[in-house]
Amino acid sequence: MSPLLLEIRDVVAGYRPDLPILHGVSLHVGTAEMVTVIGPNGAGKSTLVKSVAGLVPISAGSVAIEGTEVTNLLTHKLATASIAYVPQTANVFTSLTIDENLKLGASTLSKADAGRRIAKAYEDFPALTQYRGQKAKVLSGGQRQMLAVARALLTEPRLLMLDEPSAGLSPLMVSEVFSRLKTLIATGVSILMVEQNVKAALAISDRTYVLAEGRNRIDGDSAKLAGDTEVAAIYLGAGGRKR
Amino acid sequence: MLQALADGILTGSIIALGAIGLTLTMGILRFANFAHAELITWGAYMALGALAITGTFAGPISPFSFGLPLVFATLIAVVLTAALALLIDHLVFRPLRSHTSHMTVVFASFGVSLLVRMVILLIFGGSAAYYSNELQIAIRVMPGLRVMPDHVFTLGLTLAIVVALHLFLQKTRLGLSMRALAENPDLVRINGIDTRVVVRWTWVIGAALAAVSGVLYGLTVQLRPEIGFQLLLPLFAAAILGGVGNVFGAVIGGLIVGLAESLSVLFVPAGYKMAVPFFILLAVLYVRPNGIFGALRGGAK
Chain A
74 MSPLLLEIRD VVAGYRPDLP ILHGVSLHVG TAEMVTVIGP NGAGKSTLVK SVAGLVPISA
134 GSVAIEGTEV TNLLTHKLAT ASIAYVPQTA NVFTSLTIDE NLKLGASTLS KADAGRRIAK
194 AYEDFPALTQ YRGQKAKVLS GGQRQMLAVA RALLTEPRLL MLDEPSAGLS PLMVSEVFSR
254 LKTLIATGVS ILMVEQNVKA ALAISDRTYV LAEGRNRIDG DSAKLAGDTE VAAIYLGAGG
314 RKR
Chain B
368 MLQALADGIL TGSIIALGAI GLTLTMGILR FANFAHAELI TWGAYMALGA LAITGTFAGP
428 ISPFSFGLPL VFATLIAVVL TAALALLIDH LVFRPLRSHT SHMTVVFASF GVSLLVRMVI
488 LLIFGGSAAY YSNELQIAIR VMPGLRVMPD HVFTLGLTLA IVVALHLFLQ KTRLGLSMRA
548 LAENPDLVRI NGIDTRVVVR WTWVIGAALA AVSGVLYGLT VQLRPEIGFQ LLLPLFAAAI
608 LGGVGNVFGA VIGGLIVGLA ESLSVLFVPA GYKMAVPFFI LLAVLYVRPN GIFGALRGGA
668 K
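So the protein lines, in turn, are chains A and B.
Heads up: the first sequence is residues 74 to 316, going by my numbering.
Heads up: the second sequence is residues 368 to 668, going by my numbering.
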């Protein structure tokens, strides 16, 4: 197995301590590995990545990056921990220009580094170049996702967490976003992705975790899980009650 | 008519300065801060207090009624008003923001405004005060139009502040962070920015503008502990008229309110002049519910 980058152990988390959404979830991501988290609605998939990002308080358990504990990390220190996070919705500032969105993403960097990496972001995501001076509200869903990913990569994170990057995108756009993520893995970045598009998630990732009702249900190689009858059962509602 | 126009622009520019601070804090911190008007009073009185301590170590700069002492006193007032705003945020607004509803914070700001006004009343008393006893003669600009040099200064300073603030919001990292914070605080944090720092700077800038508008108001009228209270409704009218969070909107809103007040006396009894801006406000909101320059959501532009 690839060296461990992220390790989530028995995490209990929720917006209110007396109402946990996650009841002891464990998960790990290796270096240059793509891991997806799937599960029915209300399984706690988004809460899991939000708790790593410091947006949902963790009341028990731990999160570590390369062995260093980062449980309940302050969200603005994500970049310091070499993590970048792309939320599912409202993941760009629509009232700011594309350029300003990227500048904001590079605000922890020196001016010289920021300039260089923003220039590279435009090279990597050429579709954004023509809109650079325009407000992000003009972008389509797919373009916004690209901008959000481009912004997240500015700090050169070792772990990129994405919450349902395919949500609301056309099939063509989904395959473009996913192929973009594949090329990132080749550069050594690890990806932890929450997905509701089960087929696509199992097809693209190395390993998959299935959550149900805030608990680990099944995990393993994505290729194997693709043919697993229990995975299908959870989505059909037979193996895990939908909340 | 010409005179009423000039007076309206002057009143409007003072309201605009106060409204810029209000619209910034409203847009970025997302609550209607009724204590903002008292920051204006506090700023005006802190300058008066500073003048009393430093004394008039230099005379007025002709043709104005004030000199360097008031400039220094204003700087001291800016620092003390920013300090008060940060203290209020630390003790009242910040604890409430994370645990209670939006309305609780708004009502807390009512309480804070009363408290600040009473403290001013306790320290300085209730009678009118002036920065200077110098008599200023209005200059005749053209037939039917006379202006005080202090008023021209006020107008010029307001314009300079608006331009500076616009450049600050557009060109600096902090300005960009403030605009972003108005739209999505979580995403700002995800971008690696400590929003607590941005919030503090928002208070400092809003309070500094309040202090300057307080001093300018005191310079052109007179100081009373209730000046903030009197400015409260025009400030909100200006900020809402222009669109919450929009700096230029606040300026235009301020000018509309000022002009409406001063021009209305030509047509209706003076006692009704306070009501006129609100008719305009209602009319504008009927057509544009988010104000003249307002976006769908509050966001500092």
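Bear in mind the hints are in silico, worked out from the structure with no lab data behind them.
Be aware that one or more of the hints could be misleading.
Rough simulated footprint, nothing fancy, chain A against chain B, three-plus residues with beta-carbon under 8 angstroms [as the list claims (entries may be wrong)]:
(1) 412-419
(2) 552-565
Far from chain B, by Cβ distances over 10 angstroms, these chain A residues were calculated [claimed, not checked]:
(3) Thr104
(4) Leu147
(5) Tyr158
(6) Glu173
(7) Gly178
(8) Phe198
(9) Thr202
(10) Gly214
(11) Ala240
(12) Ala276
(13) Gly300
(14) Glu303
(15) Ala306
Just so it is clear, the structure is predicted and the values come from calculations on it, not from any experiment.
Glycine included, C-beta positions come from ideal geometry on N, C-alpha and C.
Results of checking the hints against the structure:
1. Here's how the region 412-419 of chain B fares: 0 of its residues keep a CB closer than 8 angstroms to some CB of chain A, so the rule of at least three is not met and the hint is violated.
2. For the region 552-565 of chain B, the stated coverage by chain A holds: 10 residues have a C-beta nearer than 8 angstroms to a C-beta of that chain, and at least 3 were required.
3. For Thr104 (chain A), the non-interface assignment is confirmed: its Cβ lies about 22 angstroms from the closest Cβ of chain B, beyond the 10 angstroms cut-off.
4. Not every CB of chain B lies more than 10 angstroms from the CB of Leu147 (chain A), the least distance being 8 angstroms, so the non-interface label is violated.
5. Distance check on Tyr158 (chain A): its Cβ comes as close as 5 angstroms (rounded) to a Cβ of chain B, failing to clear the 10 angstroms threshold; non-interface status is violated.
6. Listed as outside the interface, Glu173 (chain A) is inconsistent with that label: its C-beta sits roughly 6 angstroms from the nearest C-beta of chain B, within the 10 angstroms cut-off.
7. A beta-carbon of chain B comes within 10 angstroms of the beta-carbon of Gly178 (chain A); the shortest separation is about 5 angstroms.
8. No beta-carbon of chain B is positioned within 10 angstroms of the beta-carbon of Phe198 (chain A); the least distance is around 17 angstroms.
9. Non-interface call for Thr202 (chain A) relative to chain B: holds, since the shortest CB-CB distance, roughly 20 angstroms, exceeds 10 angstroms.
10. Chain B leaves Gly214 (chain A) outside its interface by the beta-carbon criterion, the shortest separation being 16 angstroms against a cut-off of 10 angstroms.
11. Distance check on Ala240 (chain A): its Cβ is at least 16 angstroms (rounded) from any Cβ of chain B, clearing the 10 angstroms threshold; non-interface status holds.
12. With a least CB separation of 28 angstroms from chain B, Ala276 (chain A) remains clear of the 10 angstroms interface cut-off, as annotated.
13. Every CB of chain B is more than 10 angstroms from the CB of Gly300 (chain A) (nearest about 36 angstroms), matching its label as outside the interface.
14. The beta carbon of Glu303 (chain A) is kept farther than 10 angstroms from every beta carbon of chain B, the shortest such distance being approximately 34 angstroms.
15. Once the 10 angstroms rule is applied to beta carbons, Ala306 (chain A) is consistent with being away from chain B; the minimum gap is 35 angstroms.
Comparing the model with each earlier hint shows violations of hints 1, 4, 5, 6, 7; every other hint is respected.
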